[in-house]
Each structure stands twice: as C-alpha cells, then as structure tokens.
Amino acid sequence: MTSRSAVSFPGRGALESTGKLFALGADVVRLTFKRPFQTREFIQQGWFIAGVSILPAMLVSIPFGAVVSLQLGQVVNQLGAASFTGAVSVLAIIQQASPIVCALIVAGAAGAAICADIGARTIREEIDAMEVLGVSAVHRLVVPRVLACTLVALLLNGVVSVVGVLGGYFFNIILQGGTPGAYLASFSALAQLPDLWISEIKAALFGFLAGVVACYRGLNPPPGPKGVGDAVNQSVVITFLLLFFVNFILTAVYLTVVPPKTG
Amino acid sequence: MGAEVVVEGLTKSFGSQTIWRDVTLTLPPGEVSALLGPSGTGKSVFLKSMIGLLKPERGKCIINGIDIVSCSESQLYEVRKLFGVLFQDGALFGSMNLFDNVAFPLREHTKKSETEIRRNVLEKLEMTGLAGAERKLPGEISGGMRKRAGLARALVLEPEIILVDEPDSGLDPVRTTYISQLFLDVNAQIDATFLIVTHNINLARTVPDNIGMLFRKELVMFGPREVLLTSDEPVVKQFLNGRMDGPIGMSEEKDQATLAAEKAMFEAGHHAGGVEEITGVPKQMQPTPGLPPRAGDKRRTDRVMTMLHQLPPKAQQAIIDSLTDEQRQHYGVRSPAVVAAGRPTPRPRPQQPAGPAGDQPGVQRGQLPADQVARIPENRFSPRPPRGQGGGQ
Ligand SMILES: Nc1ncnc2c1ncn2[C@@H]1O[C@H](COP(=O)(O)OP(=O)(O)OP(=O)(O)O)[C@@H](O)[C@H]1O
Ligand SMILES: [Mg+2]
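So the protein sequences, as listed, match chains A and F. Each residue of the first sequence is one higher than the one before, starting from 1 at the first, in our numbering. Each residue of the second sequence is one higher than the one before, starting from 1 at the first, in our numbering.
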C-alpha cells in the first residue's frame, strides 16, 4: 500500500502537472503501437484538423513570408550583401517561420477544439465510463488525435513553406527590386537539405506537443463547465510557451550539430 | 455466480477533506445490496473508488483476489471487464446514438458479428423500455431515458458485478419500480452482485438483500436489510422517514445548538416533514414469475441464518417472520407466534453456546459494533448449516 506524502511547497502543482503531461506524452507513444489502431478516428480527426487549419495557415503565411523577406532584405542590403537576400529569407521562412506558424495554427484552431471536446466528455463522465468499460481513453481518443495533429502539422509545414517562400520571392522581386536570378542562386548556394529536414522535424514535434497539451488539459479540466473553457484557454497558452522554448532548444542544437554550408 | 467484493478499511480524502474513512464491508456474491446516505456523503465517490477511477489513500478493495487500490493498470482493465456501471448521469457517449452506445462494449470486447450485436442490443433496449429510440442521440432524449440507456449499456456484457448510482433519480415512481423489477430479474438470470446507491426509500425497503448507510464520514452500518429497516438509530430513522427532525441537516450534520433550536420548533408544532411513520420490514420484491429463483436469495438466507444470533432482536424477529414455515423447519427456528408469546429475544438454536457478552442481542442498541454487522462471514455456506457449530465467523 502506498501512502502518498502530502508535503506541499510552492510550485508543487506545476511540477505535478508537468510530470503528468510527460507521462501522457509517453503513454501516447507507447499506445501508438497497441492494436487495434483507431484508424477511423485518426482519419476523421486528421480531416477535421486539416479542414480548420489549411486556410488560416496559408493566409498567415503569405504576409509572414513577405514581412520576413522585406525586413531581412532591408538589413542585408544595408550590410551590402544584397545578393544573398534570397538565401537568408528562404532559410528564415523554412526553418523558423513555417514550423511555428503551423504549430500556432494547429494549436489555436485544432488544439482548442480537441481540448473542448475532450473536456466536455470528461465532465460528462464519458471518459470515466469508457475507462470502466475497460477501454483506455488514451488509446481510443488521445492517440488518434495527437497523431492527427502531428501529421497535419507536418503536411501543413510543406504548404506553408511553399506559400511563404513564394510570398517572400514576390515581395522581394516586386517591391525591393531584387533580381530573380540572384535570389534563386544565393538560395541554392547557402541552403542545404538538412534545413528542410529540421523544418519538418520541428513541425511534427510541435504538432505532437499541441496535441498532447490539448488532450492533457481536456482530460484534467478544472471542475465545472467553466473549467472546460479555462482548460481550452490554458491549453493554447501552454502550447505557445512550450513551442517557443522547444524551438529555441532545437535551433540551438541544430546550429551546433549541422555545419553551415559555405557557399 | 457473481464475484464477491471485499472492502477493508477504505479511506478517501480530497486534499484535506476526508470523504469517508475505514469503510469495511463485503458485498456477498450474487446478492443485491443498497447503499444509502444523505447527499454529499460520498456514495458516488465510493462507487468510483470500487472501480479504480479514484484512488483511496488507505485500505483494500478485493475482487477475485485482485486489490483494486494497488493493482497494476493492466490488471485494473482486466478486473473492470467484470463490472457494469451505471453512472449518476448516465454517462452516455454524446457523439453516438443509443444503439452504438449500447453496442460499444460488445464491439470493444467481443468478437460477435454485427447481427448478433444487433439482436443483443435491441433486446437490452427493449428490456429498459427504449425500443424505437435506438437512433436518437443522448442529447435528444429525456433524463430518465438517458438513465435507462446507461443501464442497458451496463447490462449488455452480462457483468458479474453491477454498480448502479441512483437509478431512481430522474425517473417517475412507476418506472423506478419497473427498474427495480429489472434489477431483480437480471439478478435471477445472471446471478450478478449488485450495489445500488439510492435515495429512494421504497426501493431501499423492497429491493435489496443488504443495506448499508454512510453518514458522518463513516459507514454507519451494513448488513441484512432487516437490521437497518428495524434500526432505532436516529440517523437511520430520520433518513427512512425523510424528516427534518434528527441529526441530518441541510448541509453537514447539525451541531448541538441547531439541534436544540429545531427541537423546540418542532415541539411548538412546526411540521417536521415526512408523511407517516415508516417502520417494519415490507416484503421483498421477487423476480418476475417464470424466471428461475434467485440463487443469491437462497445463499443469503443461509448466510443470515448462521449469523442470526448476532443480530439485534428486532432484526431477528423480522427475519424469522419473513421465512416460510418450511424454511423455519429447515433452519430449526420457532414460528413467530411462539417467539412473540415466549421470549422477547428468540434464540434460534437453543443448543448453541452463548457468545461473549457483547454478542448478547439485547445489549445492542441501534448502532452495531462494526465487526458484527459490517463483516459478513467469508466461508461459503452449505445449504444446511451444521447444527451447533456456532454462527457467523
Ligand atoms: N473530484 C473531486 N474532487 C474534490 N472533491 C470531490 C470530488 N468528487 C467528489 N468530491 C466531494 O466528495 C463529496 C461526496 O461527493 P459524492 O458525489 O460522492 O456525493 P454523493 O453521496 O454521491 O451525493 P449525491 O447523493 O448527491 O449524489 C462531496 O463533498 C464532493 O464535494
Ligand atoms: Mg452521487
């Protein structure tokens, strides 16, 4: 028999939640390989998430690509390296902007919906009922949702990168008077394949995080219907905070591990 | 036969708030037990602890040799397959229609074909009076219907243990009686162990074999129905009669001052609520004619007769009254008339040695020592207990 210690200290709740969040993440990974895989639920959720994310993601990525390339174009011009504008803005968009945009959209649009859905099921005791019927709610509900978030973020990243780069290209050529040839040449001079990989890895990881956080908050909402609302709110905020933190770490690791291409 | 559930010293708190402590009881296999108690005493929490949805801090809850409180997650999922649970609000899956809700456990845990599932589900929906509503979503039906659909889902796997949280809430009195009949019929058919949490006094008086009551964070009593129904304990009497006059208050239990003030008020003529004095042990409902007799009922009679001498005199009387002449002969107890005319405390088996002083039925008043009532003998009973072997444990 375990008698749990009831020592309380500041930050205990936060630590506990963090631990449980990680435990849920680990459970998701473990139960992903448990048969039977909930294919139907996965496809339904994937379809839903893609449906709510594609349009906002594209709409955000055009101005985002433009802003990045305008701003960078300006600075690079001042430094006298105008011919490298293309490389700089494309790298920035693919490595940084695109995964973050994807994750923000997936967390904001899909994560919020997932959190609200699961939260409502929790307070209506549906989750309890499912557990009592001997069916793991993590296996049945959380795994397909998290995997759907991951997959959609990954695919969305491709779309956003393309749209963002096109937007950047367009604005650089039209507004800043860049030359298309230099733009493309510099790009292939400095960019390399790992840049694309890291972008996709980031997007997938962010999508996974968004899914896990949304489901975690949905499974553990503060009591009452208002609690579900709060949970949705918190899930989005927590995902954003985590995102930028994880992005920082990944970027730091990537820049150390992968040697820059010297053109 | 249904599984036996042994609960020992269970204690549950949320933070610093203790819900109940040291709850010890045994749900005898195949019998119908009821748990009463004022709102907020933690009856729902007790049910959830029994199926491992909440983790009690101390104690054990043993089913088929597995302790729910400390077992691993995979064991928990295995044990849960023995359970059918009806939650207080039905807990249907909101995105599925009634048919899919009831079919869910079958699709998850059995390899039945769709036609078989269909037959099974429609039968259960018919049983709970929901035929024709199977395409409706839970949001489109009344509270009582949700309750019944939840019950249909709980019954569909023919579980060994059925836990029911307030079957009567949201149902009219007639449907409540039909549901009670349904419980007894199911019990007769599959011999499942039942635990029914209820506020409904009619149901509590006529359906269960055993009754327990939670109050003041404790299990006040748990034992054969006759014990609680004849009890002189003020809490029990107040609860059965639904009066304001007694230790149960609106929020928590009353303090001395409130109690005195209220007493004065009632003495001055204020109506304390309740309609008429509820006393005595009414006849228990029986399975619908044509069904097999309840095996649990027979086991219970054997069990109760072996512990008869430990029960309070009024309960003994009620039990003997409820026996048929044949049974009285079988167990060697005297007919009620003789007992009533003779000694006030019937001694069913005169040749048996008197227990220790604490066992004297006359000594007990209302509140029973926990070890006598709350613990039911673990040994299986042969249909005819050997004479003179002493009852109970
Ligand atoms: N998840 C929880 N967290 C904290 N406290 C809880 C939780 N669930 C229940 N409680 C508390 O436990 C107590 C018992 O609740 P419970 O729902 O078991 O009462 P009940 O006996 O079923 O009442 P009712 O007859 O009204 O259904 C209440 O005081 C409630 O506030
Ligand atoms: Mg309750």
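Please note: incorrect hints may appear among the correct ones.
[Unchecked claim] Pairs of lysine-lysine, DSS-like flavour, derived with a Cα cap of 27 Å:
1) 20/A <-> 298/F
2) 112/F <-> 34/A
3) 81/F <-> 20/A
4) 81/F <-> 60/F
5) 111/F <-> 34/A
6) 20/A <-> 60/F
[Stated by the list, open to error] If you anchor each label on the Cβ, the simulated ranges turn out as follows:
7) 226/A <-> 16/F: 17 to 27 Å
8) 43/A <-> 17/F: 50 to 60 Å
9) 202/F <-> 227/A: 50 to 60 Å
10) 14/A <-> 276/F: 53 to 63 Å
11) 17/F <-> 255/A: 49 to 59 Å
12) 100/F <-> 13/A: 51 to 61 Å
13) 119/F <-> 253/A: 29 to 39 Å
14) 292/F <-> 13/A: 52 to 62 Å
15) 29/A <-> 94/F: 26 to 36 Å
16) 33/A <-> 114/F: 20 to 30 Å
17) 14/A <-> 189/F: 43 to 53 Å
18) 113/F <-> 251/A: 49 to 59 Å
19) 100/F <-> 197/A: 38 to 48 Å
Treat the hints as calculated values from the structure; they're not laboratory data. Built from N, CA and C at the ideal position, the CB exists for glycine as well.
Now the hints, each set against the structure:
1. Annotation: proposed proximity of residue 20/A to residue 298/F is violated, straight-line Cα distance about 49 Å (limit 27 Å).
2. With a C-alpha separation of about 21 Å, the suggested pairing of residue 112/F with residue 34/A holds against the 27 Å cut-off.
3. Proximity of residue 81/F to residue 20/A is assessed by CA-CA distance (about 26 Å); at most 27 Å being required, the pair is judged to hold.
4. About 19 Å separates the Cα atoms of residue 81/F and residue 60/F, which keeps this hinted pair within 27 Å; it holds.
5. Between residue 111/F and residue 34/A the CA atoms are separated by roughly 18 Å; this keeps the pair inside 27 Å, and the hint holds.
6. A distance of roughly 25 Å separates the Cα atoms of residue 20/A and residue 60/F; the hinted pair therefore holds under the 27 Å criterion.
7. In this structure the hint that residue 226/A and residue 16/F lie 17 to 27 Å apart at CB holds, the actual value being about 24 Å.
8. The supplied range of 50 to 60 Å is broken by residue 43/A and residue 17/F, whose beta-carbon atoms lie about 45 Å from each other.
9. A hinted range of 50 to 60 Å is violated for the C-beta pair residue 202/F and residue 227/A, which are about 36 Å apart.
10. About 57 Å separates the C-beta atoms of residue 14/A and residue 276/F, a value consistent with the hinted range of 53 to 63 Å.
11. Taken as a hint, the range 49 to 59 Å holds for the pair residue 17/F and residue 255/A, whose Cβ atoms sit roughly 52 Å apart.
12. Hint check: residue 100/F to residue 13/A, Cβ distance near 38 Å, so the stated range 51 to 61 Å is violated.
13. Taking 29 to 39 Å as the suggested C-beta distance range, the pair residue 119/F and residue 253/A does not conform, at roughly 59 Å.
14. A C-beta distance of roughly 54 Å is found between residue 292/F and residue 13/A, which places it inside the suggested range of 52 to 62 Å.
15. For residue 29/A and residue 94/F, the hinted distance range of 26 to 36 Å is satisfied, since their beta carbons lie about 28 Å from each other.
16. Range check, residue 33/A to residue 114/F: Cβ separation about 28 Å, and the 20 to 30 Å hint holds.
17. Restraint check, residue 14/A to residue 189/F: a C-beta distance of roughly 52 Å satisfies the suggested window 43 to 53 Å.
18. The hint said 49 to 59 Å for the Cβ distance between residue 113/F and residue 251/A, and at roughly 55 Å that hint holds.
19. About 43 Å separates the C-beta atoms of residue 100/F and residue 197/A, a value consistent with the hinted range of 38 to 48 Å.
Checked against the numbered hints listed earlier, the structure breaks hints 1, 8, 9, 12, 13; every other hint is satisfied.
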